[in-house]
Amino acid sequence: MLQGATGNLSAISDAALDARLQALAIDLAVADAKISPPSAARKRSRKVFRGVVLTVAGILFAAQTGGLSLLLCVAGGTDIIDVLEEDAAAVRLQARLRSDLQQFSGAFERIAIEKSRRDW
Amino acid sequence: MRNREIPSDPARKEDRRHISVAAWVSAVALSFALGSFVTHFALLGEPISQFSFQAFFMSPFWSIASTALVCFVLGIGFAYVPFSWYREDANRALRTEYRDLRSKADGLRERADAVRPSQPLLPTKRDETPEPEQAGQDEGPPDIAAVISEMSAAINANLREAGAARPVDVDLKRALRSISAGK
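Residue numbers (my numbering), protein chains in the order written: chain A, 1 to 120; chain B, 121 to 303.
Just so you know, the hints here were simulated from the structure itself, not pulled from any lab data.
It is possible that part of the hints are untrue.
[As the list claims (entries may be wrong)] For lysine-lysine, the following DSS-like pairs were computed, each having C-alpha atoms within a straight-line distance of at most 30 Å:
{"id": "1", "chain 1": "A", "residue 1": "34", "chain 2": "A", "residue 2": "47"}
{"id": "2", "chain 1": "B", "residue 1": "133", "chain 2": "A", "residue 2": "43"}
{"id": "3", "chain 1": "B", "residue 1": "224", "chain 2": "A", "residue 2": "47"}
{"id": "4", "chain 1": "A", "residue 1": "115", "chain 2": "B", "residue 2": "133"}
{"id": "5", "chain 1": "B", "residue 1": "133", "chain 2": "A", "residue 2": "34"}
{"id": "6", "chain 1": "A", "residue 1": "47", "chain 2": "B", "residue 2": "133"}
If we strip away everything but chain A, and leave its shape as in the complex, we get (with noise of 0.2 Å):
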């Protein structure tokens, strides 16, 4: 996944080393661009909001709709469902996004100690 990461950072020349440390925070960056904003978190905390009012008026004036307003619940329960949805795929990214730091702060750190190596 990451140059940096593989291969042995010591047979390779200066302009190499620059190269992968380069492509490294072009990674990080790219990464750092992935991770959901917090106006997604708080769109996705409006939609369950409005989910849960929505099913909950449903049930509620149902009796009094004779049945119609069942058809607010199925709204409200697709907002929420869509929700957990999202939210399902955002820890999915996340975990990954965590794993891709571990890997990329290793690949850091060796390409450190090689530049440190070499007393730049």
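With the hints as your guide, set chain B onto chain A.
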């Protein structure tokens, strides 16, 4: 990282998610409806022809079931709040760690650039392998040692061999041309 991920079509992914959501909603609605009807008829023992929605929603079964459903849905909503906080906090920590590591990588790169400011980000000379074409090109920068060795070899061959068809003549001329081009 970039090589491992194969970007999938976002529209297809979204469609899949919608189908999954629809399947979940249908399954929940069907299971609830089936459970209600079975329980209702088991409790009341009425034939299905006499079923009325008005009576069903006024029955004690619906009042109990609706209370349970409302509690269940409100429970989901309340449980989501700390879950969302936790997720947001974990994302914030992950983002901070990524930015720390990135700043460290940038710092190391800037330090390396400061140590060697004039060296471009290209392969160093010790890694470059001489291309075979460059040895025979006349327009390249003249390598004096190579020209001299070529000239001496040509002279030696010229001295050893007699006759008009001597291929070393060509080398000799090229060597002389290289020297004049180098001037």
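Practice task
Could you tell me which of the numbered hints above are not met by this structure, giving the numbers in increasing order?
Solution key: Violated hints: 3, 4; rest satisfied.
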